[in-house]
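Join the two chains into one complex using the hints; note that each chain is given alone, in its own frame.
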Amino acid sequence: MSSEILAKLNMPHKFNLSKFALYLALFAWLILNCLPILWMGVISFRDYIDAFSPSLSFNVPLTFANYSNLWIDNKFYQNFYNTCFVTFFVVLISLSIGCLAGYGLSRYKGRIGFILLLVALAFRAIPHSTLLPSFFTMFDALGIRNTSFTLILVLVSINQPFTIWMLRSFFIHIPTELDEAAQMDGCSSFQAFFKVIVPVMWPGIVTTGLFSFLLAYNDFLLSSALTNTEMMTMPAAIANSIHAESESFLMQGIAGAVSITIPLILLIAIFQKQIVSGLTQGAVKG
Amino acid sequence: MKLATFLKFTLPSAVTMAVLLALPLLMTIWLSVVNCSPVLELQKTEQTGPFGSHVVTAQRFKVDANGQALKSCQFVGFDFYKNILGIQSSSAAGPVDQKLPTDGHNEFLNALSFTLLYTAVTTPFILLIGLVLALVTQKISDRFKGLVISMALLPFIITPVVGALAIKWLFRDDGLVFNLLSHVGVQIYWMSEAWSAKLLVIFYGVWHVSPFAFIVLYAGLQGVPQDSIEAARLDGASKLQVLWFVTLPHLAPLTIFITLIHLMDSYRVFEPILVLTQGVFTTSVQFLTYSILLDESNPYKASAASVLTLVGIGFLLAPLLKRTWNEQRNSR
Numbered sequence: 000m001s002s003e004i005l006a007k008l009n010m011p012h013k014f015n016l017s018k019f020a021l022y023l024a025l026f027a028w029l030i031l032n033c034l035p036i037l038w039m040g041v042i043s044f045r046d047y048i049d050a051f052s053p054s055l056s057f058n059v060p061l062t063f064a065n066y067s068n069l070w071i072d073n074k075f076y077q078n079f080y081n082t083c084f085v086t087f088f089v090v091l092i093s094l095s096i097g098c099l100a101g102y103g104l105s106r107y108k109g110r111i112g113f114i115l116l117l118v119a120l121a122f123r124a125i126p127h128s129t130l131l132p133s134f135f136t137m138f139d140a141l142g143i144r145n146t147s148f149t150l151i152l153v154l155v156s157i158n159q160p161f162t163i164w165m166l167r168s169f170f171i172h173i174p175t176e177l178d179e180a181a182q183m184d185g186c187s188s189f190q191a192f193f194k195v196i197v198p199v200m201w202p203g204i205v206t207t208g209l210f211s212f213l214l215a216y217n218d219f220l221l222s223s224a225l226t227n228t229e230m231m232t233m234p235a236a237i238a239n240s241i242h243a244e245s246e247s248f249l250m251q252g253i254a255g256a257v258s259i260t261i262p263l264i265l266l267i268a269i270f271q272k273q274i275v276s277g278l279t280q281g282a283v284k285g
Numbered sequence: 000m001k002l003a004t005f006l007k008f009t010l011p012s013a014v015t016m017a018v019l020l021a022l023p024l025l026m027t028i029w030l031s032v033v034n035c036s037p038v039l040e041l042q043k044t045e046q047t048g049p050f051g052s053h054v055v056t057a058q059r060f061k062v063d064a065n066g067q068a069l070k071s072c073q074f075v076g077f078d079f080y081k082n083i084l085g086i087q088s089s090s091a092a093g094p095v096d097q098k099l100p101t102d103g104h105n106e107f108l109n110a111l112s113f114t115l116l117y118t119a120v121t122t123p124f125i126l127l128i129g130l131v132l133a134l135v136t137q138k139i140s141d142r143f144k145g146l147v148i149s150m151a152l153l154p155f156i157i158t159p160v161v162g163a164l165a166i167k168w169l170f171r172d173d174g175l176v177f178n179l180l181s182h183v184g185v186q187i188y189w190m191s192e193a194w195s196a197k198l199l200v201i202f203y204g205v206w207h208v209s210p211f212a213f214i215v216l217y218a219g220l221q222g223v224p225q226d227s228i229e230a231a232r233l234d235g236a237s238k239l240q241v242l243w244f245v246t247l248p249h250l251a252p253l254t255i256f257i258t259l260i261h262l263m264d265s266y267r268v269f270e271p272i273l274v275l276t277q278g279v280f281t282t283s284v285q286f287l288t289y290s291i292l293l294d295e296s297n298p299y300k301a302s303a304a305s306v307l308t309l310v311g312i313g314f315l316l317a318p319l320l321k322r323t324w325n326e327q328r329n330s331r
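Sequence order for the protein chains is D and L. Position 78 of the first sequence, counting from 1, maps to 77 under numbering that gives the first Met the number 0, and the rest follow consecutively. Position 254 of the second sequence, counting from 1, maps to 253 under numbering that gives the first Met the number 0, and the rest follow consecutively.
Derived by calculation from the structure, the hints in this document are not laboratory data. Ideal Cβ placement from N, Cα and C applies to all residues, glycine included. Nothing false has been slipped in among the hints.
Some chain D residues near chain L, calculated using beta-carbon distances under 10 Å:
1) Leu-29
2) Gly-103
3) Tyr-107
4) Gly-109
5) Val-155
6) Gln-159
7) Leu-220
8) His-242
9) Gly-255
Chain L extracted, bound-state conformation (with noise of 0.2 Å):
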């Protein structure tokens, strides 16, 4: 193909992520090292009333020609990352009218943490319960391979804020698992104390991601040459040392791909963090960006939060991105 030929065929797709995904990333980069404040004015407004007249000021958002409320940006640079770092501001090139409250807290640092707290426990119960499954449903009799699938991607398909919600109403004070727990004599208030409500987020991490391993699994151990396992029959192996030596290491590069997915997946969770613990307990990158910008109304530290984000992504992603380029370039 031609590269104008190709250029035609990709255009409107490279546009749609050039507007809506580059330049937002590139707005991000400046919007974390500003920080904007509405225009006041006064305005004075003569009253005129049956006891003669006075003049009444009073403050208003200056506004343009349309009706939007003008602002004006200032240059902080590093005050909003500092911040979130917790690290002392240096304040002389502060903000004016806002100070910035600086708790000496890394607010990053613990939602990228509990990520890594989080991504380090899901990823080897993932790969374990998958894997268990896929060896278990090859057992069993075809015609009901197509119902145990069906049911194992429930959790996986599932809307991630609807299936959080479930286990929250599972979980909760009252709900069905803490009366059960209550009936044998054990009280446990899941979601309200730090140890149990990381337990839950954990929980719902491998009950979400679980699926998508054992479905993954599953088609590889299709690809598993029977010859070979035949063989190694043959020669006297038994079933444990034929799953050892001839399957497993058959299923070894479906186990990579299986992490980095979900690798790149945990660097980005948030609904169950936002469901189960409001971000009391735990937290991560994803909701930190979220709540300073929903909850704290502040588009531009926000935007520090997104940039510090995006340079964690991109070591997460060096290693990928280097792979493919290999893999590519050897296809070639």
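The shape of chain D in the complex, shown without the other chains (with noise of 0.2 Å):
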């Protein structure tokens, strides 16, 4: 270690053969990595021709159409509005009821908080189509499938498990003492938490939120089979373009597909820590 030091400082400018010919197999991989969604960003400004011609040319002409007959002409802005609604609820009501529900289980030593966590880890790897004949069946006879608050409650409920597991483990490093100082200062143990725990807990609250926010943002299976065409968000708008014969339908699928993962660029741009941390800290804490 401090040998590879002191050559640096010695040889500043030494080229370095095998160090150069890794970051270039590195950045050679990451761009192949990136390529399927690179280049759909590429082929999302082509006419069909272009976009699927034995030539690999770059000179071809660039057009906006497929974005503008998407967003403008078949009304994409309602399916972005629809997922900005619904994630945004989701996001909000799953952290607010699983904030409380992942404070309660980090600190109740009881049994119950152990089965209850126990069943959400069960519930955390149901597939989610088991639970559509149940959904269909029961949204029919209350007369409120195809609306945004069902699929919002549902969502919430999916991302559940994942939360209070997520939330608990922040909780848990969270020292009981600052409880019991609030409490001791007579506090309820609601307000302890509210004016105590949860101003600490922000980061934990931030990581969380992040995740709930990429199920519901992500989710194709429940929201297209729960909702017809008005109500749709956008991952459920672009199935069309799976099975597209058209030449029209599947560029503007391409173009969907390209505004669909943009802001999750923005998102992996701004967010890397939290979702890094999010990540790993299941697998490193333990």
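Right, dumping it as structure tokens:
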């Protein structure tokens, strides 16, 4: 270690071939890794004939027609709005009820808490399509299928097991002395929670919120099954392009796919640290 | 914390899960052993025309006070299960008006066997690619690490249906990969043959999940004690030996973690199946329920597929639940 540093100090401009090869290989890999998405971005600005043509030339006319057809003529803004509406409320409700439960679970040592955690773990693993037959039956009987309200509640409940596990593991690291001190000063347990614990929990809440956002934003199965045209979120709306035979449908699907991806790229750029900590948290801390 | 306070805190979350997860699961079991169809009634209308009047009889759905179609449900036992598993139904108990077509093939086993193939093939590649990426990323200068992590994460964070579509558009007949291969004289119609369609779904899986393994293993590498590496180096161990004897054992619990998570996620694989093959050459348990429900419009048969799926996840989960049980018990 120290000898390497010395070597660097002595010869700052030394060209290291193996290091260079390493960088080259890594970035080549990364570009290859992102190629499906990059290529989707490239062809979204082309006409069908240029997007899928044997000629590999990059010298082709660019067009915004796919985007304008999708967003303006086919009212994709409505789907964008639906996505915003649904994800906002899913995150809000998930975090509100999840924080309460996560905190309760981190502080209560009895058997019921433990059983609830295990049940939540089992719920977290169920394939979502297994719930659909019952959802159809229940929501049809109540006449509430195909409403944003229903979709929000369904996504919140799907998110809940994951949310309470994650929040609990953040709350556990907040020392109980903090609650005790607040309660000593005359706070009820709810006051202690809102005035003392929540303010120091923001990093954990942001990280968890990010993952419940991703779960809601990326959901296709439930959103497409439970909503129809006007209520559809963006991923559900591009389902048409899965089997699209028509050229215009296909190109609009590509523009839609790129439109869905751009907010996610921004999200990674801004919240990279939180995403990484969220992904590793379960693993590293056990 | 007292039990009463705990219950107050957890009530909203517990009720949500009870109503929208536990209740539907119980309901699925009930739905899987019945078969309901709308009640038809004969409607007589007298039509009076210029040439006298006559009575027209028509069938229509009987509706209740709210205008919802009334349904009559029959208990059919395990008929739908037998149907899905390709077992010849005893048929006496079968629904009267709707004979179930049994072509004798086991839809569930088909779905399960591809799911298993997918899991078995993707897991080693995901771990290997994740490990190599993590080792390489640790070697590079700090100022590039953020960029590398961001770029690597993209296929994992991307909406699965969009990711699967991106792969589909890349491998389409007359898409980029097809054209590139054509230039060197290889023509593969990726989505029209069983082997290549399966390969594409597996490729999607590796592409989508390896960033997760990378991030977890990379974080794990930060925790490898530097002094044991240095001690090993001082004792004359080669770099490869350090990797094999110091680093990898340290990462072993993480690979188990990644494998467990991937096992659960593979069992739910859905989007690439739908997008890349429409269930023709590949299928999965989650896709099976979905297609019975939406393509066959049969919620009762779909429920039977659901219950079979849940039994499968039970087997998968049992070791994990047991592990968690022990961990939590020891930590108290």
